[in-house]
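*Asks:* For the record, the sequence lines run as chains A and B.
Residue 1 is where the first sequence starts when you use my numbering, and the numbers rise one by one after that.
Residue 141 is where the second sequence starts when you use my numbering, and the numbers rise one by one after that.
Since the hints were derived computationally from the structure, they do not count as laboratory data.
Note that beta-carbon positions come from the ideal geometry of N, C-alpha and C, so glycine has one too.
A portion of the hints provided could be inaccurate.
Unchecked claim - Okay, the calculated beta carbon distance ranges per label pair:
| hint | chain 1 | residue 1 | chain 2 | residue 2 | range |
| --- | --- | --- | --- | --- | --- |
| 1 | A | T76 | B | E355 | 23 to 33 Å |
| 2 | A | A40 | B | A153 | 19 to 29 Å |
| 3 | A | S43 | B | A153 | 19 to 29 Å |
| 4 | A | S113 | B | G361 | 49 to 59 Å |
To be verified - Heads up, incomplete: computed chain A residues facing chain B, CB under 7 Å, no partners named:
| hint | residue |
| --- | --- |
| 5 | F33 |
| 6 | I129 |
| 7 | P130 |
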Amino acid sequence: MGGSASTDIMTKSWWALWCKGIINRGFTRYGDFLSPMHSAAYSSLTVSAWPFVMDLAPTQWSVGPNSGPFFPAQYTPLNNGSNPLMHYVHPTAALGYRGRSFDIVYFDPTGASGASWTFNVNGGTAQTIPNMTGGNRLLR
Amino acid sequence: MSITSTTPGWADADNQVVIFVSQTLAGAMQVVGVSSYPGSSGPGTSGVGFVWAAFSGMTLYELGKTQVGGGSKFYKIEQLLGPTTAVPTVDPPGTGWPISGGFGFPFNSRLMFVGLYVDGNLYPGTGLAGNTTTMAISGADPMDFRHYLRRLRQVNEAQSGSLLFTIGNVPSGATSDVSTTGYKSQNIDSYIDQYDSVARARGCAWLSHHILWGEKGFSMGFQNANDLHPNDAGNQARANDILAVT
Chain A
1 MGGSASTDIM
11 TKSWWALWCK
21 GIINRGFTRY
31 GDFLSPMHSA
41 AYSSLTVSAW
51 PFVMDLAPTQ
61 WSVGPNSGPF
71 FPAQYTPLNN
81 GSNPLMHYVH
91 PTAALGYRGR
101 SFDIVYFDPT
111 GASGASWTFN
121 VNGGTAQTIP
131 NMTGGNRLLR
Chain B
141 MSITSTTPGW
151 ADADNQVVIF
161 VSQTLAGAMQ
171 VVGVSSYPGS
181 SGPGTSGVGF
191 VWAAFSGMTL
201 YELGKTQVGG
211 GSKFYKIEQL
221 LGPTTAVPTV
231 DPPGTGWPIS
241 GGFGFPFNSR
251 LMFVGLYVDG
261 NLYPGTGLAG
271 NTTTMAISGA
281 DPMDFRHYLR
291 RLRQVNEAQS
301 GSLLFTIGNV
311 PSGATSDVST
321 TGYKSQNIDS
331 YIDQYDSVAR
341 ARGCAWLSHH
351 ILWGEKGFSM
361 GFQNANDLHP
371 NDAGNQARAN
381 DILAVT
C-alpha cells in the first residue's frame, strides 16, 4: 500500500506525491525521516535512489521499532574506513531539498557495557557513539 | 546524534553521506533511521515533516515480530511515545506509563497521518507473504493493533493535534477484479474496525480507499489485476484524495 507497486517508491508513492503536493501549496519543509529498510539490501524494488546502502550484509532485520539492520560481529573496516558497515546518501533529488543537517536515531540495546560504534560525515573525522549502556532505549 | 555545519566533514552540498563505519561488539550499532533537515543547524520549529518508517504494507508483519533483545515492536513504539528518560519495564506497558510525547520528530507531530497498512495481515495464524513462497509471516492481534492506534492518538491528542487514518484498499480476491493470492484478505475488516473504533472514541478521522475502490480497483485503473498494491495512477489518486482533505 505504501507505493511498492509504483514505478518509483521514492517519488511516485502516494506519500511522496502528497508531500510534494503539500509543499507546492507553500508550506515549509521540516524534514524527513528515512529507515534503513529503504535499501536494495531489504527491498528488490527498483527506485531512483535508495538512501541507504548496506556495505556489509546484515544478518537480521529485526531491531528497533521498525526493522533495522543487525550486524553480528565486532567490525573494524579495512582501508581506513572505506568499506564501512553501511552508509546513508541524502536523496536530494527525490526529496526536493539539500539535506544540511541530520539526526541519527538509534537504539541503545541492553548488553555489554562499554561498547561503541562510529560514523563520519563525507569521510570526515570519525565520531564515536558510546552504546550499550543498559538503557534499552531509543536515542538520537 | 546530531550532525550540523560544525560536524567534521560537513558540506553544503547535494547528497551528503553519513557513513556508519565500525562497531566494537555484535549489535552495538542499531540505527533506526536518519532524519534530514534543510537548515544547517538542525530542525526548525514547524513545517511538513515526513516519516518513511518502513514499507507500510509490511508494518503488521514487523510489529508482530519479537525483536532482538525481547519485547514486541509495539513496545518500542510505546517507548517512542514516552519521554526519553524513562525506561519501560513491562511489555505491554503498565497503566502508569506516561504519554508525554517527549521524543519529538519523527514522532509526536501536531498533524499525524497513520497508515499502518494491513495488506499482509495474516492474524490469526501464519501464512506466506505475497511476494515469496518461503517467508512465513504472522500479523499482529487486532486488539493489540487497536491498543496502539489508541496510544498514538492519545499522544497526538495530548498535544492538541489532529490525526487522519489513511486506510488502503484490500480487495477480497474472491469477487474483486484484483487477485489477492497470498494474502488472507478475509481478515482485513477486523483491522479496519479498529481504525473506526479508535476514530470514534478519540475524535479523529479516517479516509478509506478500501471503501472508495472496494472490489473494482483494477477496472478503476488504480490497481493491477494481479497486485493489490496501487499502481502509479492509484498512488496519484490516493495522494490527491488525501490532499483534498488536508
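*Asks:* Indicate, hint by hint, whether the structure satisfies it.
*Replies:* Hint by hint, here is what the structure shows:
| no. | hint | in the structure |
| --- | --- | --- |
| 1 | T76/A x E355/B: 23 to 33 Å | violated, 56 Å |
| 2 | A40/A x A153/B: 19 to 29 Å | holds, 23 Å |
| 3 | S43/A x A153/B: 19 to 29 Å | holds, 27 Å |
| 4 | S113/A x G361/B: 49 to 59 Å | holds, 57 Å |
| 5 | F33 | holds, 4 Å |
| 6 | I129 | holds, 6 Å |
| 7 | P130 | violated, 10 Å |
When held up to the earlier numbered hints, the structure conflicts with 1 and 7 and fits the remainder.
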